[in-house]
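Just so you know, the protein sequences line up as chains A and B, in that order. Residue numbers are given in the numbering used here: position 122 of the first sequence equals residue 127, and the series is strictly consecutive. Residue numbers are given in the numbering used here: position 294 of the second sequence equals residue 287, and the series is strictly consecutive.
It should be emphasised that the hints constitute simulated quantities derived from the structure, not laboratory data. Here a beta-carbon is modelled for each residue, glycine too, at the ideal position from N, C-alpha and C. Careful: at least some of the hints might be erroneous.
Derived lysine to any residue pairs resembling SDA-like cross-links, with alpha carbons at most 25 Å apart [said to hold, decoys possible]:
#	chain 1	residue 1	chain 2	residue 2
1	A	Lys121	B	Lys514
2	B	Lys514	A	Arg65
3	A	Lys121	B	Ser141
4	A	Lys121	B	Glu117
5	A	Lys121	B	Ala104
6	A	Lys118	B	Thr115
7	A	Lys121	B	Pro505
8	A	Lys121	B	Thr115
9	A	Lys118	A	Met262
10	A	Lys202	B	Gly55
11	A	Lys202	B	Glu84
12	A	Lys118	B	Ala506
13	B	Lys514	A	Asn59
14	A	Lys202	B	Phe90
15	A	Lys121	B	Gly139
16	B	Lys535	A	Gly234
17	B	Lys535	A	Leu231
18	A	Lys195	A	Leu142
19	A	Lys81	B	Glu117
20	A	Lys118	B	Thr513
21	A	Lys202	B	Ala85
22	A	Lys118	B	His501
23	A	Lys118	B	Ala109
24	A	Lys181	B	Arg88
25	A	Lys81	A	Ser245
26	A	Lys181	B	Pro87
Okay, the calculated bits of chain A under chain B, using three or more residues with CB under 8 Å as the criterion [stated by the list, open to error]:
#	segment
27	61 to 75
28	79 to 93
The lines below spell out each chain.
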Amino acid sequence: MKQTTIGSMIFLLCAAAGLTGLHAQISGQDVMQNVYNRPTGANMTAGLVMTITNSRGATRERSITQYSLDAGTTEKKIMFFTEPADVRDTSFMTWSWDDGRDDDQWIYLPALKRVKRINSDSKNDSFMGSDFTYDDLGDRHPSEDTHKILREETCNGQECYVIESIPVEGTDVISKTVTWIIKDTWVGLKKEYYDSKGAIFKELTINNFEKIDGYWVITDMVMEDLGRGSSTRIEMNNVSFSISLSDSFFSERQMRMGPRR
Amino acid sequence: MNNILDTAARKPLLLLVAVISLGAVFVAAIGRNARLETDLDKYMPGNHPAFVFSDEAEDLFGIEDGVLFVIEHPHTIFNPASLEKIRDITEALPREFDEIDSGDITSLFTAENISADEWGLTVESFYSDIPQSGESLAALKSAVEGNSMVHGRIVSLDSRSALVVAEMDNEEFTPAFYGELLEFAKGWEGPEKIHIAGRPVVEGELTRLGPKDMSRMAPLVLALMTVILLFLLRNLRHTVLNLLIVLFGVLSAFGFMALFNVPVYSVSIMIPVMLIAIGVADGIHLHNTIHYYIQEDPLITPDDLVAKTMKAMTRPVIMTSVTTAVGFVSLMTSQVLPVRYFGLFTAVGVMMEMLMALLLFPASIYLFGVPRIRSKKEDQKTAAEPGTGFTAKAGNFLISRTPIVIVLGIAVFALAAAGTSRVWIDTSFLANFQDESPVVRTDAFVNSHFGGTSSLNIVLKGSEPDTFKEPEVLRLMDSLQQEVENNPLVGGSFSLTDYMQRMHRVMHAGNPAYDTIPETKDMVAQYLLLYEMSGDPDNLNKVADYDYLTANMTFQLKSDSSTLIEEIISIVAPYTQDFDDLGIELKYAGSGYKSFVFADLLLEGQLMSLLLSFGIVALLLTAMFRNLLVGLAGTIPITITAMINFGTMGLLGIPLSASTAIISGIAIGIGVDYAIHFIEHYRSSRREGMSPDASALHTLSKTGRAIVYNAIAVMGGFAVLLVSAFPPNRQVGGLVALNMAASALGTLTVLLAVIRLIDIKGKFLRPGVRHDPEQDKGKNNTFKEY
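With the rest of the complex left out, here is chain A (with noise of 0.2 Å):
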């Protein structure tokens, strides 16, 4: 599996089955890293809906269906907007590298016809507007921080490690964070976010996952911005890993040409 899985965003948090043998003296290193390499298919395809809500409970739906290719040395992935219908058959495409390059970006806008590249470095991390981060979604690497198993505990009726991750580099934003993760399928339940104060201020919950043709996939989400008061909710529907999709698939033709249907 390639260690650097930036295209996984939606797998969240995923694990494997063949990992649960590890215990007793298991590191929090351990425990995070096992949840970072979890096969997550070579391709995978999903409808995705993203709600966010606004600190007045104002609300933007987007309905999204993607697809994803790991090809080894490249993740590629193209999102077509279905809803709502002023973005319909709007498209982006990203391909990822392995190798420390910058993203590759397509936007395709069908009211111009035109596919264009975009190369963005803002300083906002934020995905497509939402309460998650593109570090949220999957593409934090673990040694990114430090980790220390704090306590094991029963969450949801799951036997959990309680993991404290420390940033080794000091950002401003977040000083540290907090995760439940379910011992033998290395599934995150729950995160919690700390400010450079010490105080909680985002807060990521798991509602729902499913074992999806042998993977674990986390189909419902919360994350909650408790300063901006708003929250957004990422929940996926026909998710599949039988579906076959080739390199030729991830190009502009295809992004003009919309989803299979």
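Since the structure of chain A is provided, determine the placement of chain B on it from the hints.
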């Protein structure tokens, strides 16, 4: 009433203990509870629809006033050290100040540059690492110059200065915090100059400087007034009593405020001004009466002196104080909270001064005996005897030329009325500072190099979601923006249209031909999606709400004067209908607009309370003197004073502001006092059988003298304010002096003439009262029994 007062006054030591204990309670309360309210939002009536709407819009779009840090380099900010400084200040502000969040800061370091070429679209910071080479600095400069969303907004057009803007809640901007910010800014100086500007700074300085200056000047006012009183009264005891009355009145007003947990507003600094001007009147009239009776009978016993004085003066002192207090209480009708408190607590102070005057003067006679006064002979030289001296000459002149006096009075009145029509309201906070003060200079600098230090928001509300994705709506917004920007004092505007034009152009490889609103609604929606995905969606939250049902347009203004806001409102007016046709409601928001509305309310309230007090005073005087004509005549000094006050403001171009509006309250406070004392004295002279002319002369020589003394002492005291470092306080000083003069002159000339005229026409004394020897006899009997 007199009995109660007399009982208290006969125990002077007990009275002293009571006064000192009450004073101590007030001092303790002030020490514990008094706090200065610096948040101007607290001055606004919270439930007024314009404020309610503005507050909601401010909340929805995060509209906050910005504190501007100006980084000014002698040549260009495009050098590594200055760019590093911009970055460091941007990062240090939220780290060092809890009041500032990192999300609230805008600078070249935080700004995003959306640019495009044939290859595609780039969203990036202008810089992350500090550019070092000449080449990269030049590239940065050209990127800035190519982006109208930053050029002229956070980097000046001449490249010599840049802004770091920290948006914050006004509530958080305290004088202490401002001090810390100044200290912080100083630490970054050299070779760049660092200035701080913005509305919170101006407001903060204003609320800080006014009371500070006033507390420095107040002792001088009192000191000078004391010297003048000493000179006029030639009596140390009565001068001290006057001072005690005034000081206790002020102390009790602020003491009660503290006891009721009412904060000190900037308008509250006018409370001592009023209480000093009004409080002296009671004392001087009492002194005058005591003086008169001693002159009449140099061997008078203390008991007799008190009895005679109180017999003559209790009624007018109570009546003047009650009518004055009622006049101030009428300010409670104002919608502006600080003005309501001003009226209430000034009234409280006036009543306390009345009580003090009525207790201290008799108590002092019981305690120290009959005061020593100038000999009658010496006194003759200056005034008293009818028929000789200056007062008499002036009096005779006035009496013999009643029509001229009235005509002149009407002429002055007409001139003042003409001036009144030129009174303008100005809510400019900046206008309150000296032209050469740092606040004014920094403000001028920012206004000449950037969009402006002030802002006005227009909030548009559609009738259904996604209204602001409609190209037709966006085009109308754009044309409104362009038209308003034609005003030279409008430095720029910002709304959703700016994002759309930028995106549209960028998606067409930067072709300037596409610097327009996109053609279709879908295209707008897709650009918005693209911006959310690649830029900072928080930026969009400042221009449109989540459902694109409401939009916010910000106009940057180079002046905080309400005149400019009026101009903009008149430019916008025709658009209101256009938007309405599209089902969109147009309203204003932001602190600038709130000040504008606030000024209107202030003026409206002040005029209302003046009108109301005319009515109340006329009614009270009518009741007191049982004569409608006299009641109406009694409002003459108020009318003249108010007209001359506003007329002079109009003619001299002094704008109506919170403090200058309130000064017209003197018209009520002093005008009523003078009228009552004057009419009362005239009436008692007539009742004692004097002819109208003799009564007029007698009143002029006695009450007239007290009025002149009172006016001179207060005018002299407040003249000190003319050298204040704080322009609004200079205006207060000048206008108080003017009001005192107008009240005194109006009473001694026009009121005299009118009363005499009424009397000559046989309408002054009621038939049953006139020359009734029984009545006079009865009066004397009562007097003796007392």
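Okay, the hints, checked on the actual structure:
Taking the CA atoms of A:Lys121 and B:Lys514, the gap is near 20 Å; set against the 25 Å cutoff, the hint holds. Distance hint between B:Lys514 and A:Arg65 is fulfilled; the C-alpha atoms sit about 17 Å from each other, no more than 25 Å. Restraint check for A:Lys121 and B:Ser141: the C-alpha separation of about 23 Å stays at or below 25 Å, so the hint holds. In summary, the hint linking A:Lys121 to B:Glu117 is supported, as the alpha carbons are separated by about 16 Å, within the 25 Å threshold.
Between A:Lys121 and B:Ala104 the alpha-carbon distance is near 22 Å, which keeps this suggested pair within the 25 Å criterion. For the given pair, A:Lys118 sits about 19 Å from B:Thr115 by alpha-carbon distance, which is consistent with the 25 Å threshold. Among the hinted pairs, A:Lys121 with B:Pro505 is consistent with the structure: their alpha-carbon atoms are about 18 Å apart, no more than 25 Å. Of the pairs offered as hints, the one joining A:Lys121 and B:Thr115 holds, with about 10 Å between alpha carbons and a cut-off of 25 Å not exceeded.
Proximity of A:Lys118 to A:Met262 is assessed by CA-CA distance (about 11 Å); at most 25 Å being required, the pair is judged to hold. Of the pairs offered as hints, the one joining A:Lys202 and B:Gly55 holds, with about 24 Å between alpha carbons and a cut-off of 25 Å not exceeded. Note on A:Lys202 and B:Glu84: the hinted pairing holds, with a Cα-Cα distance of about 16 Å set against a maximum of 25 Å. Distance restraint check for A:Lys118 and B:Ala506: the Cα-Cα separation of roughly 18 Å lies within the 25 Å cut-off, and the hinted pair is therefore satisfied.
Distance restraint check for B:Lys514 and A:Asn59: the Cα-Cα separation of roughly 23 Å lies within the 25 Å cut-off, and the hinted pair is therefore satisfied. About 13 Å separates the Cα atoms of A:Lys202 and B:Phe90, which keeps this hinted pair within 25 Å; it holds. Under the criterion of a C-alpha separation no larger than 25 Å, the hint pairing A:Lys121 with B:Gly139 is consistent with the structure, at around 21 Å. With a C-alpha separation of about 16 Å, the suggested pairing of B:Lys535 with A:Gly234 holds against the 25 Å cut-off.
For the proposed pair B:Lys535 and A:Leu231, the alpha carbon gap of about 20 Å is at most 25 Å, so the pair holds. At roughly 13 Å between alpha-carbon atoms, A:Lys195 and A:Leu142 fall within 25 Å of each other, so this suggested pair holds. Under the criterion of a C-alpha separation no larger than 25 Å, the hint pairing A:Lys81 with B:Glu117 is consistent with the structure, at around 23 Å. A threshold of 25 Å between alpha carbons decides the hint, and for A:Lys118 with B:Thr513 the separation of about 13 Å falls inside it, so the pair holds.
Restraint check for A:Lys202 and B:Ala85: the C-alpha separation of about 16 Å stays at or below 25 Å, so the hint holds. Of the pairs offered as hints, the one joining A:Lys118 and B:His501 holds, with about 12 Å between alpha carbons and a cut-off of 25 Å not exceeded. As the CA atoms of A:Lys118 and B:Ala109 are separated by approximately 17 Å, the hinted pair is consistent with the 25 Å bound. The suggested pairing of A:Lys181 with B:Arg88 holds, with an alpha-carbon distance near 18 Å, which does not exceed 25 Å.
With a C-alpha separation of about 16 Å, the suggested pair A:Lys81 and A:Ser245 falls inside the 25 Å cut-off, and the hint holds. At most 25 Å may separate the alpha-carbon atoms for a hinted pair to count; A:Lys181 and B:Pro87 meet this at roughly 20 Å. Residues of the segment 61 to 75 of chain A with a Cβ under 8 Å from some Cβ of chain B number 4, which satisfies the need for three, so the listed coverage holds. Note: the segment 79 to 93 of chain A has 4 residues with beta-carbon separation from chain B under 8 Å; the three-residue rule is met and the coverage holds.
In the structure shown, no violation is registered for any of the earlier numbered hints.
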